[in-house]
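S.K.: Quick note: the sequence shown uses our numbering, first residue 1, plus one each step.
Bear in mind the hints are in silico, worked out from the structure with no lab data behind them.
Note that the structure is a prediction, hence the values are computed from the model and not measured.
Some hints could be false.
Below, simulated BS3-like cross-link-like pairs (lysine-lysine); rule was C-alpha separation at most 30 Å, straight line [stated by the list, open to error]:
#: 1; residue 1: Lys-71; residue 2: Lys-34
#: 2; residue 1: Lys-120; residue 2: Lys-131
#: 3; residue 1: Lys-134; residue 2: Lys-34
#: 4; residue 1: Lys-34; residue 2: Lys-69
#: 5; residue 1: Lys-35; residue 2: Lys-120
#: 6; residue 1: Lys-62; residue 2: Lys-120
#: 7; residue 1: Lys-134; residue 2: Lys-35
#: 8; residue 1: Lys-35; residue 2: Lys-71
#: 9; residue 1: Lys-35; residue 2: Lys-57
#: 10; residue 1: Lys-120; residue 2: Lys-134
#: 11; residue 1: Lys-34; residue 2: Lys-64
#: 12; residue 1: Lys-57; residue 2: Lys-34
#: 13; residue 1: Lys-131; residue 2: Lys-92
#: 14; residue 1: Lys-134; residue 2: Lys-71
#: 15; residue 1: Lys-69; residue 2: Lys-57
#: 16; residue 1: Lys-69; residue 2: Lys-35
#: 17; residue 1: Lys-131; residue 2: Lys-34
#: 18; residue 1: Lys-71; residue 2: Lys-57
#: 19; residue 1: Lys-34; residue 2: Lys-62
#: 20; residue 1: Lys-120; residue 2: Lys-64
#: 21; residue 1: Lys-57; residue 2: Lys-120
#: 22; residue 1: Lys-120; residue 2: Lys-92
#: 23; residue 1: Lys-92; residue 2: Lys-35
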Amino acid sequence: MKRELIGDMVFDTSVFVEFFSGSRRGELIYRSLKKGEIFALTTELNIFELLYLLCRKVGLEKSKELISKLKESGCLEVFEVSRLVERAAAIKCERAISLVDCLTLALGEEMEVPVVFAVKERELMREIERKPFKIPVTFLEDLIES
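All chains should be modelled from the sequences, with the hints used to inform the complete structure.
M.R.: Okay, here's the thing in structure tokens:
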């Protein structure tokens, strides 16, 4: 589902990876956050995933520093997974997608806001085609090519 980036949105880890990679998609996110056009919501598990993915590229200390700066920027709110466990489990029970994606989508449902993924992963697209999610799902690749 294609939509513009505006307002509160739940970001999947892949969106943050794009952000830190400096790609065209990442630049779009950066500009939108900086202008206050969007406000990012995510889960602790997404931050955990981002930490180890960045760590593989720039090391643990630099990864912690980058994520800390992002959190301190005021354009991101990180939610505890404990409040999402039952909703995420219900999604996981019905869907063949990753646990992190289930928590990301559960946060979108909880907050009643769209969820943004960087790319159309096969498993996620299969599930969207089978039965749409309760909240809008947007893909950066639909908005701008890498």
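S.K.: Now tell me if each hint is right for this structure.
M.R.: Hints versus structure:
1. Simply put, Lys-71 and Lys-34 have alpha-carbon atoms about 13 Å apart, close enough for the 30 Å limit, and the pair holds.
2. With a C-alpha separation of about 16 Å, the suggested pair Lys-120 and Lys-131 falls inside the 30 Å cut-off, and the hint holds.
3. With a C-alpha separation of about 29 Å, the suggested pairing of Lys-134 with Lys-34 holds against the 30 Å cut-off.
4. Straight-line distance between C-alpha atoms of Lys-34 and Lys-69 comes to about 13 Å, which keeps the hinted pair within the 30 Å bound.
5. For the hint linking Lys-35 to Lys-120, the alpha-carbon distance of about 26 Å falls within 30 Å, and the restraint holds.
6. Using a Cα cut-off of 30 Å, the hinted pair Lys-62 and Lys-120 holds, with the two alpha carbons roughly 29 Å apart.
7. Between Lys-134 and Lys-35 the alpha-carbon distance is near 28 Å, which keeps this suggested pair within the 30 Å criterion.
8. Of the pairs offered as hints, the one joining Lys-35 and Lys-71 holds, with about 16 Å between alpha carbons and a cut-off of 30 Å not exceeded.
9. A threshold of 30 Å between alpha carbons decides the hint, and for Lys-35 with Lys-57 the separation of about 28 Å falls inside it, so the pair holds.
10. Taking the CA atoms of Lys-120 and Lys-134, the gap is about 18 Å. The hint holds against a cut of 30 Å.
11. Proposed proximity of Lys-34 and Lys-64 is supported: the alpha carbons are some 21 Å apart, at most 30 Å.
12. Proximity of Lys-57 to Lys-34 is assessed by CA-CA distance (about 25 Å); at most 30 Å being required, the pair is judged to hold.
13. Proposed proximity of Lys-131 and Lys-92 is supported: the alpha carbons are some 13 Å apart, at most 30 Å.
14. For the given pair, Lys-134 sits about 28 Å from Lys-71 by alpha-carbon distance, which is consistent with the 30 Å threshold.
15. With a CA separation close to 17 Å, the supplied pair Lys-69 and Lys-57 stays within the 30 Å bound.
16. Of the pairs offered as hints, the one joining Lys-69 and Lys-35 holds, with about 17 Å between alpha carbons and a cut-off of 30 Å not exceeded.
17. Our distance criterion of 30 Å between C-alpha atoms is broken by Lys-131 and Lys-34, whose separation comes to about 34 Å.
18. Using a Cα cut-off of 30 Å, the hinted pair Lys-71 and Lys-57 holds, with the two alpha carbons roughly 20 Å apart.
19. Distance restraint check for Lys-34 and Lys-62: the Cα-Cα separation of roughly 22 Å lies within the 30 Å cut-off, and the hinted pair is therefore satisfied.
20. Restraint check: the Cα-Cα separation between Lys-120 and Lys-64 comes to about 28 Å, which is no more than 30 Å; the hinted pair holds.
21. Between the alpha carbons of Lys-57 and Lys-120 the distance comes to roughly 23 Å, so the proposed pair stays at or under 30 Å and holds.
22. For a cut-off of 30 Å, the pair hint linking Lys-120 to Lys-92 stands: about 18 Å separates their Cα positions.
23. With a C-alpha separation of about 35 Å, the suggested pair Lys-92 and Lys-35 falls outside the 30 Å cut-off, and the hint is violated.
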